[in-house]
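Novice: Top line first, the protein sequences correspond to chains F, A and S.
So that you can map any letter, position 90 of the first sequence is 90 in our numbering, and since no number is skipped, the others follow by simple counting.
Converting from the second sequence to our numbering requires adding 1000 to each position, the first position being numbered 1.
Converting from the third sequence to our numbering requires adding 2000 to each position, the first position being numbered 1.
The hints are simulated quantities; they were obtained by calculation from the structure and are not laboratory data.
In this text, a Cβ means the ideal position worked out from N, Cα and C, and glycines have one as well.
There may be inaccurate statements among the hints.
As the list claims (entries may be wrong) - Chain A regions said to be covered by chain S (calculated; three or more residues, Cβ under 8 Å):
1. 1060-1069
2. 1095-1106
3. 1176-1185
4. 1428-1442
5. 1517-1530
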Amino acid sequence: MSSLGKKYIMALSGLVLVGFATGHMVGNLQMFLHPDWINEYAYKLQHLPYGLLWVVRLVMLTCVVAHILTAVMLVLENYKARPDKYVAKASLQGSFASRTMKYSGVILLLFIVFHIMHFTIQNIHPEFLHLETQLEGVGTMHHVYDKLSAMGKTSVHDVYSMVAIGFSARFWWAPVFYIISMVVLCFHLMHGISSMFQSLGLRNDLWRKRLDLIALVVAVIVFIGFTSIPVACLTGIIEPLQGLAVAH
Amino acid sequence: MNLDAKIPEGPVQEKWTNAKFNYKLVNPANKRKYSVIVVGSGLAGAGAAATLGELGYNVKCFCYQDSPRRAHSIAAQGGINAAKNYQNDGDSIYRLFYDTVKGGDFRSREANVYRLAEVSNDIIDQCVAQGVPFAREYGGMLANRSFGGAQVSRTFYARGQTGQQLLLGAYHSLSRQIGLGQVKMYNRHEMLDVVLIDGVAKGIITRNMVNGKIDRWAADAVVLCTGGYSTVFFLSTNAAGCNVTAAWRAHRRGAGFANPCYTQIHPTCIPQEGEHQSKLTLMSESLRNDGRVWVPKERETAAKIRTGEMLPSEVAEEDRDYYLERKYPSFGNLAPRDISSRAAKEACDDGRGVATSGFGVFLDFADAINRLGRDVIAERYGNLFDMYENIMDVNAYEQPMQIYPAPHYTMGGLWVDYNLQTNIAGLFAMGECNFSDHGANRLGASALMQGLADGYFVAPYVIGNYLASEIPVGKAGKIDINDPAFAEAEQVVKDKIEKMLSIKGNTSPRSIHIELGKIMLDKCGMARNEAGLKEAIEEIRKLRDKFWSDLKLPGSSDELNIELERAGRVADHLEFAELMCYDALDRDESCGGHFREESQTDEGEALRNDDKFSNVSVWEFKGVGETPVKHVESLKFEYVKPGVRSYK
Amino acid sequence: MSEKNISVTIKVWRQKNSESAGAFETIKIESVSTASSFLEMLDLLNEQLIDADKDPIAFDHDCREGICGMCSLVINGIPHGKNNLQTTCQLHMRSFSDGDTITIEPYRSKPFPVVRDLIVDRTAMDAIMQAGGFVDQRIGAAQDANALPISKTIADKAMDAAACIGCGACVAVCPNASAMLFTSAKTSQLNMLPQGKPEKDRRALRMVRTMDAQGFGNCTNIGECEAACPMGVSLDFIAMMNRDYAIASVKECLGMVK
Ligand SMILES: Cc1cc2nc3c(=O)[nH]c(=O)nc-3n(C[C@H](O)[C@H](O)[C@H](O)COP(=O)(O)OP(=O)(O)OC[C@H]3O[C@@H](n4cnc5c(N)ncnc54)[C@H](O)[C@@H]3O)c2cc1C
Ligand code: HEM
Ligand code: HEM
Ligand code: SF4
Ligand code: F3S
Ligand code: FES
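Working from the sequences, and respecting the hints, build out all of it.
Specialist: Here it is, written out as structure tokens:
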């Protein structure tokens, strides 16, 4: 594949990933509302019609895989293109973020794997699977509550507590790893979000400056949005509805 | 020596048309059977190679740089002339022809100059079609600027990089032909001799500068486009690698060398700063459109400025001598190069020079900045001001520039007839390395014009004509590189190299080159006289003996050896310099760039001697150290009647 | 213009030829005028070496005024040295101070093999040009220059790209040894101008593929090239080429480009 072909794949897959991450971040902020919000939201996602969930997962998976494979190709080829390194090191205008994309990428990969085991497959704390709670019907998605109560069953998976416990001081290493990963993500996006426009040829002198700024702002917002949650849980601002042990 | 110029019949306006009609053509199917060697990839070389390749000939092109795109044409800043009359200011082919003959001080061949003016318009069309990004007006039309020696605005330009853009245009076309396999390009190959079989040019010998390999190359015609020899002065505006080797080797093989003493000293260069210096940088002549040239009226003031006691800007208006405006009211600061240069020398010899060395005059933009504003000036010359500040560490927006004349261009070169063929059959010379179009002085923006005219528009006709009329298709491309002539030439080259390496003395080639430069600049530079030239010849001979007895060269011949390359070029300069002085000595008149102190008017203007010297001096080589023999081609002026070349 | 003499220590790469292995050599050089250029300092140094029966340092140079693109050198880790918008031959010793140690390395990248000492082979860039860096037009058969008006904006932008001197510093400085800035400058100049439009797609496809084939790295938009470029060629042209190539590839899939 031509060098530019690879750039397009990086950019397009990156674009999807950015889209997901921001959306996901917004969704996660419901943690700061009544537990019903995130729980109903999670239930909704889990019960999307026509297996939409799997469609989304498939798209995501393809993007991540494409993104990674291309990244690996880029890195290997670029290594070959400069067999002998310079002794005197110097850098001009290239940003730190732009030079470290491959490293930040690898950390992000580890994070995503861990994260999915953590909250999706939940095999890090298998007990999470049994966290159930009664909806009180104060969330946004009333239809979820109505539907369930109509069926006479208003208990759902307690994602709220899962996250709260997962990030609690008791398992401090998890939130710490999250926070570190979020810093890394922030850098990855700081370059990535502007860079993808360059790769797609949608940037010029004027817009480069603007996009670099936009990238910075988005990256920081995503960072704050995501980290706020583990921080809140660590500091006890968010407390689980129930303890792990009492899982019935 | 046969010096028939082969000027076509008819009035000057019809000569080229008639010639083109009478030239023989090679039929398309046969072109690929003929092979042509082009030495040089500048405007002339790249132009010729690309054009001939496109026509279907088998072309081999050589250059000493690592890429054809780096030929010194790249350095041309100012622009290229054409008689388009887009400005509607009264320009015409005839006027360009007239200006060029007059500018050349009536020492060029009318027929050639007219052809040059005639194709000048096609050149601009051609370059635009290639995608050369010439400067444009908001209306989308091409912009022009005016240049020294002309009263019309006929110069086309691309920022301060005209030569670069024109050369890249030619390089693009050349690259296309290389890609198609029509032209084979040999970078880092230095031509060291021409091969003649029965007196006809049939090939060249080169040294592969990477591994030292000596190669033989055969072809049905050899075209030299190897540029000028200003580096004989060591310090010049030319590239470090520019040399006389190719032309000189051809001369040694019998090609006549015409008017070697016609060298152009460019008025607007950055003065020399010290011994360490390896090159003089040109400040485009276009600066003279807005800059005013002056020196202090009083020697004392000049002295103060040299020592730094006084800033130029502190010199009161009435204490300044704007000598060009004073002496040449109608052309003022745009007076032609030879005249401006000499005026600067006079002022400095009079003790009123500035710059640390005392060899510098001011080029002042204060008025222009007041009149047009700093932005306009920056827009026009920004890159030149930066270049100046980088070299001199002075901001020319605040203090005037210091400039001084420097060796720049060589009008002399291999003698060629109207068909750009030397007196050796099959050996052609194009671009700066021939003597053809500029007489005793070249007007600004006309060398680029000549290089491209020769390469794009003359080469295809004259080479085709030569091949069609001299080499039967049956014999085309059938030259044996095992012919004794090749062996002999190769031996000459190898012997020279081995000899240089075997001396193992104590003097580096560079230091000898510097010495030679001093002699030439001092005694065969802007002003020359009999005594000085005679001394010069002696000194050159001594220096040459020193070279051959005390040269020190590191390394061997079978590797990349920068000093060996340099030494080879210096060796040829040492032989050529002598010829240059002979020519300057012989021509005891002043004309254009050649100023003999014995021959000047009461006001110190150049004084021509048309009865004796309305001709071209063509020299024949008789052996190193032997007095060369002079032949003449007399010049007839049927259209532009020689007059006193007045710019007053 | 206040010039003085300084002495510096040069740590320079020496390598006999492309086969042999190279190594650094450290040489001290006394009393260099700050008014002299970097290459003039090397000239002086070479004279010293010759005096001492050593091989002079081989380096590329020609015009010595910043336009031919022949000089190279990576000086203290930066191609053409630390000053912006300058070539090595324009760098002056006044940019250094007494006692400095200056590391000089050749351009490092797979397509630019070292020929000797500091000289590298840059013909890979010519190869890219031969693939499409031209307007396919018959020499000598052109319409009147003004028959084709070109807006000043386009002409100027094309000139910005055309200013490239083909020095290869962009490749040398790029952490990925990518030739994108050079290649894009050439494609963009010609693709922007009406003269080059007919071959726009073909040019983009062929030049980019040749660039890859030569073994240059992939661009990841780091932007060092723009900063090191002595002619200030802009990253815009890389974006422009990315766009041109994308469109061309799509057209190619649809069989719209030959
Ligand atoms: C600084 C400067 C500014 C100028 N500005 C202008 C201007 O504004 N307008 C204008 O009209 N003219 C200008 N000129 C003059 C003009 O640029 C030149 O006269 C013209 O470009 C010469 O072109 P050329 O093709 O004859 O030679 P060049 O461009 O010098 O090419 C010579 C070629 O021959 C090759 N060569 C030489 N010797 C050998 C050898 N022994 N073996 C193999 N190859 C060899 C070189 O590699 C090179 O490729 C300027 C000149 C200089 C130096
Ligand atoms: C999963 C592991 C990941 C790896 C190994 C990885 C690796 C890389 C690498 C090496 C680059 C630089 C290539 C280039 O700029 O052309 C890159 C660019 C990018 N990455 Fe990632 N990344 C990963 C995850 C992510 C995630 C999770 C996101 C978004 C949330 C993301 C968004 C981007 C974007 C937008 C770019 C810029 C694309 C471009 O420059 O055209 N990446 N990635
Ligand atoms: C602190 C921040 C984060 C929190 C609290 C969080 C929370 C969650 C939760 C609760 C789930 C499970 C949803 C469900 O199955 O019901 C989930 C899934 C997921 N998260 Fe996160 N997440 C965070 C950060 C991230 C980041 C930074 C990324 C990647 C850029 C990410 C990518 C994913 C992915 C890919 C899934 C799987 C979606 C699926 O297929 O089910 N998350 N996250
Ligand atoms: S883009 Fe700049 S750095 Fe790259 S080759 Fe051209 S001039 Fe040199
Ligand atoms: S530095 Fe290299 S990564 Fe791209 S932007 Fe320039 S080529
Ligand atoms: S030597 Fe020509 S650009 Fe440096």
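Novice: Hints first: check each against the structure and report whether it holds.
Specialist: Okay, the hints, checked on the actual structure:
no. : hint      : result
1   : 1060-1069 : holds (count 5)
2   : 1095-1106 : violated (count 0)
3   : 1176-1185 : holds (count 4)
4   : 1428-1442 : violated (count 0)
5   : 1517-1530 : violated (count 0)
Checked against the numbered hints above, the structure violates hints 2, 4, 5; every other hint is satisfied.
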